[in-house]
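**Student:** Chain by chain, the residues:
Number of protein chains: 2
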Amino acid sequence: MAKLARSVFSVDVSGLDTALGRPAHTRIADRIRAAIISGALTLNARLPSGRILAKDLRVARNTVDAALGQLVADGYVIRRRGAGSFVAGRLPMRDLRPRVPKRATMSKIRNADPVLSQRAQALKLYPGHYRPISTLPFAPSLPPVDLFPRKVWNRLLSREATRTGSDYWEYGASNGLAVLREAIAAHSAAMRATHCSPEQVIVVTSTQQAVELAGKVLADPGDSAWAEMPGYQPVQHCLRAAGLRVIQVPVDQEGLDVRAGRILGPFARLAYVTPAHQYPLGYEMSLKRRKALFEWAQEQKAYIVEDDYDGDYRYEGRPIASLQGMDQNGCVIYVGSFNKILFPALRIAYAIVPVPLIGAFVDAKHVADGHTALLTQGVLAAFINEGHLARHLRDTRAFYDERRLAFLEEAETLADLLDFGPASAGMHVTGIFKDRIRRADDRSVATECARSSVMVDPLSKYGDIARRGLVFGFAGASRAISRSGLQVVRRAIVAVNS
Amino acid sequence: MAKLARSVFSVDVSGLDTALGRPAHTRIADRIRAAIISGALTLNARLPSGRILAKDLRVARNTVDAALGQLVADGYVIRRRGAGSFVAGRLPMRDLRPRVPKRATMSKIRNADPVLSQRAQALKLYPGHYRPISTLPFAPSLPPVDLFPRKVWNRLLSREATRTGSDYWEYGASNGLAVLREAIAAHSAAMRATHCSPEQVIVVTSTQQAVELAGKVLADPGDSAWAEMPGYQPVQHCLRAAGLRVIQVPVDQEGLDVRAGRILGPFARLAYVTPAHQYPLGYEMSLKRRKALFEWAQEQKAYIVEDDYDGDYRYEGRPIASLQGMDQNGCVIYVGSFNKILFPALRIAYAIVPVPLIGAFVDAKHVADGHTALLTQGVLAAFINEGHLARHLRDTRAFYDERRLAFLEEAETLADLLDFGPASAGMHVTGIFKDRIRRADDRSVATECARSSVMVDPLSKYGDIARRGLVFGFAGASRAISRSGLQVVRRAIVAVNS
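If you read the sequences in order, they're chains A and B. All residue numbers for the first sequence refer to our numbering, where the first residue is 1124 and numbers rise by one. All residue numbers for the second sequence refer to our numbering, where the first residue is 1124 and numbers rise by one.
Any given hint might turn out to be false.
It does not matter which identical chain is used: a pair holds within one copy or between any two.
[What the hints assert, rightly or not] Cross-link-like lysine-lysine pairs, in silico, DSS-like; alpha carbons within 30 Å at most:
| no. | residue 1 | residue 2 |
| --- | --- | --- |
| 1 | 1584 | 1274 |
| 2 | 1414 | 1274 |
| 3 | 1178 | 1411 |
| 4 | 1274 | 1411 |
| 5 | 1424 | 1247 |
| 6 | 1411 | 1557 |
| 7 | 1247 | 1557 |
| 8 | 1178 | 1274 |
| 9 | 1178 | 1247 |
| 10 | 1274 | 1247 |
| 11 | 1411 | 1247 |
| 12 | 1557 | 1584 |
| 13 | 1178 | 1414 |
| 14 | 1557 | 1178 |
| 15 | 1424 | 1414 |
| 16 | 1247 | 1414 |
| 17 | 1584 | 1178 |
| 18 | 1178 | 1424 |
Hints were generated in silico from the structure; no laboratory data involved. Treat the numbers as computed from the prediction; the structure is a model and nothing was measured.
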């Protein structure tokens, strides 16, 4: 019990704390209260006697009595004559939630503006911390969560969690569980024509982490990186967070304009691209451009970061080759993620890196966060190896395809306003404003739509300075919802443009 | 089935791929083989007819037949007369594991030395990717894994995983689940006298991630940071990975020597310290030094990163106050981790940050990896709130204390060689070489010990240039093992010093 008292009630009554001017008995009462609220002391538990507490905490008996008196008065502790003191059987109502210091106490502020690094200040421009789930049309890129076979997943979870041995409990390798790396190498070879050994797979938590690792491994602060304009802004922030200067390279119907990149930033250390399905315009990078990109990388000894964010969803035409599979020179870092195709809370993605870079990526991942959580890796490996991933992809592909076709049919009613880009893959389609409304403010259109609970992303949000338009996610909307949603969009465009 | 063929067999037979000079039939055979090995095509599954495959893949019937012929010859596919082609019922022996390209094919190397960033090259100095689990004496800081109540954890895991609703499946907030942040705020207040609201808690994956986020938020590349010498090297690598210059500030029996820090790097943006139990020397930072550190931070508008890596394990004397709880000016970032006290594969740690920095930390965490996996956060919150964490800490504390006492008794046999530092907390103790052997090479001693399966860390590994000695983890060794292990150490010291 003495040890318990010292630990659970660990109250600093030395000079360190009295220096702060709070009386010892208040401090002791606060700590015991916190232990009760946190569950460290269970309800109805018997407390050590005042004498023992005083001895263990090396304070006067009076001090302990004052602390206990305060707790009794507040309803946390009950005294039973002859039996001692006990934690109350139920907590005072106001403290069912942990106690939060009042704003005034809590805001220990040195000055109103904290001293932030420049890069932290730059991150304030980040478009949003996270996208709260929305079933509204046309919130981009959110898979309907009820398509995921939770029961299957949970069965594998239980099975793996109860395995004997310590593989899921001890430190793991920074590049990920071998069984998962093998499954990923086979899966991405089968689905995306990548060409790699399991050793080249680095398991990470997210596309963002993969891109940030690539930024760190391949470039130093002050170096520059190509990114697509318009393009996926969060990834550009990752590159900036790694200290890189991001050069916006325009995208046209053939994908990233390599010639423009050579003019804007010939000595960039890496190029971030979405060749299979440009985000957000939807174009596939042409063979000519792929060759030009490889040539530039070869010349500059630069690297290509290929984000294959929705390569598993292709509905029409021939499959699109991955750059990784075409790469002859070991200059492509391929990035894939399971967070979108399975469920966002999963937090498992991967990079496939050229052999000579394996060590550097493992080092960087190790320093970043040690390794990715292991049990989940084991469950995902089983999910892939036992065929559930392939089945889930088949099911969701069919489902999205149906919604895609419905959306495209309904979207013909907007053909006088928007030029829709390719929609043969993925879960979104972009409509560019036609010439006669090309100056309309797409952000205002989006705001106007939001008033009627229709979510469209303005193309401006993706950093485009040449075009304006709207990005529609079609995976979340039934035909009827698509129809009414598109009517809202039409009214919004007309209202903003008039 | 057509869709299946396009997707599962997705074979690029366009110019993109034939440009690489591999015949289409080989490519098709490779992809089908990969689909079989990966489980995307299940054993005994019926394949589409050659005619349908040819149509879907837009290749000649001959090409498909050649591919299937190859697969039949290799044993992956079986032809049943009149019934069609089927995946074999069992895979050829050599391919029970995914196919790995041969080294020569796999090493697409542009040049023998890849172009790495300077910071990636610096990481090559990293002392090791991960510490494979070892039950050998005296591997530092590894809790005996069998003390962890796996059954309790797994029960909570099952319960939380099968909860209805989507909280554990959708995107989550970047700062972590509210219920976990509340539990952490209460726990750290109760155990470590921190003083914060749940809003100030940022859930991360590891101490490393917390320190790297702090480095990014508080400093720009080229800025400098204080770290302890000797000190925990992996964290110093985190700071370097964030672009910071690390200034080694000497540690003495009062902790970090603030005056030396002011001379070596007066304008550092942050100071990384382990005030409760200096790693690895074991000293507690004195009140005088704490005040000096606060004064410096106040003057420079710098921040203090407090790594409280084993604050939950204190065996003797009064509890040590956290700097966070003493902080009057909002200049402390407190870092705690559950990976060591529960199990290393968990990957949940946290930072408690001053109110004005909350937004910047959330931004940085969002960009780094979105958010930490959610289900595990929910399980941990339940584990804390239902009293299991407090119980586990009590159990392990008693266990470690027993081992600590046994180790210290046995270690008296080395009192002529080593000056042991404080051992009133944590899971390790450091022995400094006594004067007469102070020049002995501690790395050689460690190597010599390793030959007899005794693991000690040389103090040199922690970057000390003034002292030599050995770091012992005592949590993994019984009394008998401690005794024989210490005999090995004695012999090694004598051998190296003679």
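**Student:** So, for every hint listed, does it hold in this structure?
**Tutor:** Here is what the structure says about each hint:
In the homo-oligomer, the alpha carbons of residue 1584 and residue 1274 never lie at most 30 Å apart, since the shortest distance is 38 Å inside one protomer and 48 Å across protomers. Proximity of residue 1414 to residue 1274 under the C-alpha cut-off of 30 Å is found in neither arrangement, the shortest distances being 45 Å within a copy and 55 Å between copies. In this assembly of identical chains, the alpha carbons of residue 1178 and residue 1411 lie at most 30 Å apart only when taken from different copies (27 Å versus 81 Å within one copy). Taking the shortest alpha-carbon separations for residue 1274 and residue 1411, neither the intra-copy value of 46 Å nor the inter-copy value of 58 Å comes in at or below 30 Å.
Only between protomers do residue 1424 and residue 1247 lie at most 30 Å apart by alpha-carbon distance; the minimum there is 21 Å, versus 33 Å within a single protomer. Taking the closest pair of Cα atoms, residue 1411 and residue 1557 come within 30 Å of each other only inside a single copy of the chain (28 Å); across copies the shortest separation is 70 Å, beyond that limit. Proximity of residue 1247 and residue 1557 under a CA criterion of 30 Å is satisfied in neither setting, with 33 Å inside one chain copy and 53 Å between copies. When the C-alpha separation of residue 1178 and residue 1274 is checked against a cutoff of 30 Å, the pair qualifies neither within a copy, at 54 Å, nor between copies, at 37 Å.
For the homomeric pair residue 1178 and residue 1247, neither the shortest alpha-carbon distance inside one copy (51 Å) nor that between copies (52 Å) is at most 30 Å. In the homo-oligomer, the alpha carbons of residue 1274 and residue 1247 never lie at most 30 Å apart, since the shortest distance is 40 Å inside one protomer and 43 Å across protomers. Neither within a single protomer nor between protomers do residue 1411 and residue 1247 lie at most 30 Å apart by alpha-carbon distance, with minima of 38 Å and 38 Å respectively. When the C-alpha separation of residue 1557 and residue 1584 is checked against a cutoff of 30 Å, the pair qualifies only within one copy, where the shortest distance is 18 Å, while the shortest distance between copies is 65 Å.
For a Cα distance limit of 30 Å, the shortest separation of residue 1178 from residue 1414 across copies, 29 Å, qualifies, whereas the shortest one inside one copy, 78 Å, does not. In this homomeric assembly, residue 1557 and residue 1178 never come within 30 Å of each other (Cα to Cα): the closest approach is 81 Å inside a single copy and 37 Å across copies. Taking the shortest alpha-carbon separations for residue 1424 and residue 1414, only the intra-copy value of 15 Å comes in at or below 30 Å, while the best inter-copy value is 51 Å. In this homomeric assembly, residue 1247 and residue 1414 never come within 30 Å of each other (Cα to Cα): the closest approach is 37 Å inside a single copy and 33 Å across copies.
In the homo-oligomer, the alpha carbons of residue 1584 and residue 1178 never lie at most 30 Å apart, since the shortest distance is 64 Å inside one protomer and 41 Å across protomers. In the homo-oligomer, the alpha carbons of residue 1178 and residue 1424 never lie at most 30 Å apart, since the shortest distance is 69 Å inside one protomer and 41 Å across protomers.
Hints 1, 2, 4, 7, 8, 9, 10, 11, 14, 16, 17, 18 from the list above are not met by this structure, while the remaining hints are.
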